[in-house]
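A.B. asks: Residue numbers (my numbering), protein chains in the order written: chain Z, 1 to 205; chain G, 1 to 218.
Source of the hints: derived by calculation from the structure; they are not laboratory data. Computed from a prediction, not measured in an experiment: that's the story for all the values here. Ideal Cβ placement from N, Cα and C applies to all residues, glycine included. A portion of the hints provided could be inaccurate.
What the hints assert, rightly or not - Simulated crosslink set (EDC-like; lysine to aspartate or glutamate; CA at most 16 Å straight-line):
| hint | chain 1 | residue 1 | chain 2 | residue 2 |
| --- | --- | --- | --- | --- |
| 1 | G | K31 | Z | D54 |
| 2 | G | K31 | Z | E53 |
| 3 | G | K31 | Z | E58 |
Claimed, not checked - Selected chain Z positions facing chain G (Cβ under 8 Å, derived; list incomplete):
| hint | residue |
| --- | --- |
| 4 | T28 |
| 5 | A36 |
| 6 | L43 |
| 7 | T76 |
| 8 | L152 |
As the list claims (entries may be wrong) - Label pairs and their computed distance ranges (CB to CB):
| hint | chain 1 | residue 1 | chain 2 | residue 2 | range |
| --- | --- | --- | --- | --- | --- |
| 9 | G | A65 | Z | D165 | 48 to 58 Å |
| 10 | G | G20 | Z | A21 | 29 to 39 Å |
| 11 | G | V71 | Z | A167 | 48 to 58 Å |
| 12 | G | T23 | Z | R74 | 23 to 33 Å |
| 13 | G | S83 | Z | A62 | 46 to 56 Å |
| 14 | G | K31 | Z | D165 | 28 to 38 Å |
| 15 | G | R81 | Z | G22 | 48 to 58 Å |
Spelled out from the first residue to the last, the chains are:
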Amino acid sequence: MSDELLPGSVPDDGLLVRIVAGDEAAFTTLFRRRQADVYRVALLMTGRPATAEDVTQEVFLAVMRDAARYESGRATVKSWLCGIARNHARRRLERDGRVEPLVEDGEHELAAAAVQTDPLGEIANGQRLDALRRAILSLPLRYREVVVLCDLEEISYADAATALDCAVGTVRSRLHRARALLAAKVRGRLDPVDGRSRKISRCLA
Amino acid sequence: MSSDRDQDEPYASAIRALAGSATIPPPSRVKIERDLQRAFAEYHAERRRDVPRARERGRWRPWLAAAAAVVAMSVGLEVWRASHRVTENHVTTASVRPAVSPPERGGRALAVPAESTPATIPVGAVTTSAGNRNPSRRPAARVVRPAGFVVIPGTAGLPQFESGTIMRIELPVASLPAYGVDISPASDDQPVEADVLVGQDGQARAIRLVTNSSRSSQ
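If we strip away everything but chain Z, and leave its shape as in the complex, we get (with noise of 0.2 Å):
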């Protein structure tokens, strides 16, 4: 086993070629670059971290066997990643046929990672992003992957089309169409009488 890493000059699709040459220390560099965008992907499009853990190794073996099937012309590695994620965890939500809310696992508790300098704030704060990650994990499907790519990944409207093999108009009009519908989640999650709740909802509508 290569712990070796190449330096971070080395672009994705670069490592991309080492490693339909065989390159373990392209597939380790590339892995640490990017596993936790398509653990992202899939964990908001699955709602279960053991699934999305799951999803994110079946990616890399895809990379492993696919690389060359790259086109650096159509979209950029990561949009590509995300796009094997998305079609990855699209199979498992088949497959499983339900999505599982994340709050039984326990396992990401935003507030035990972050610094805690006003408490009561942090605890709002995590309401307000588990009310958010719920409702992205209640709509459906074609509006929660748009989500995901668009603004968690921040991928372009363009590399979102090529991934979810749709037009760019459409990726935009289900963006804007489940922002209003997440607006409308988060204002039904949280409690209506908290003026910042209120103030957040107000901003998603």
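Use these hints to put chain G onto chain Z, whose structure you have.
C.D. replies: Positioned in the frame of chain Z, the structure of chain G alone reads:
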């Protein structure tokens, strides 16, 4: 965020915070990384073992393709031959004779010597050139017994006649001697119709002048 996005800043910051919170736990990340590294090493070791085998298989591929092409061409040739199979092997002197009757042209007769007709013209399937060029709509080749043809001089060295086509052409009378047809010196250069028997190699083999009776039979 891209410039073409119109998100509210609180929404964008909430999304960013959510994105930052969704990270893979370090123990899981390490385990996945180790598993992937092991899978990568095994995958490429397997590929390296497979390359010589693939090369070995690939070495025979051109020969197999060439052999398949030869077989296909042989079958195609055989099918083509079967579709052009000779239905009649020879036209003897009896069917060639009588020699061409010289047509009447302005009161002048064309004399064709009897000795210019061959003893035997081997003939396969002789078809007429008239007809539709579209093979799907073309009727089956018409097999005819050519009669009245005289062998064109100088064709003795050509390959054996197997099959051919009769083509009707117009010739100046003065050129007929070159085709082995004697004419009277008084004949002028007026054109005359003739049927030319063209062999399978595109070479003209025999000629006959068109008479009123043969014109009506066409």
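A.B. asks: Which of the numbered hints above does this structure break?
C.D. replies: 7, 9
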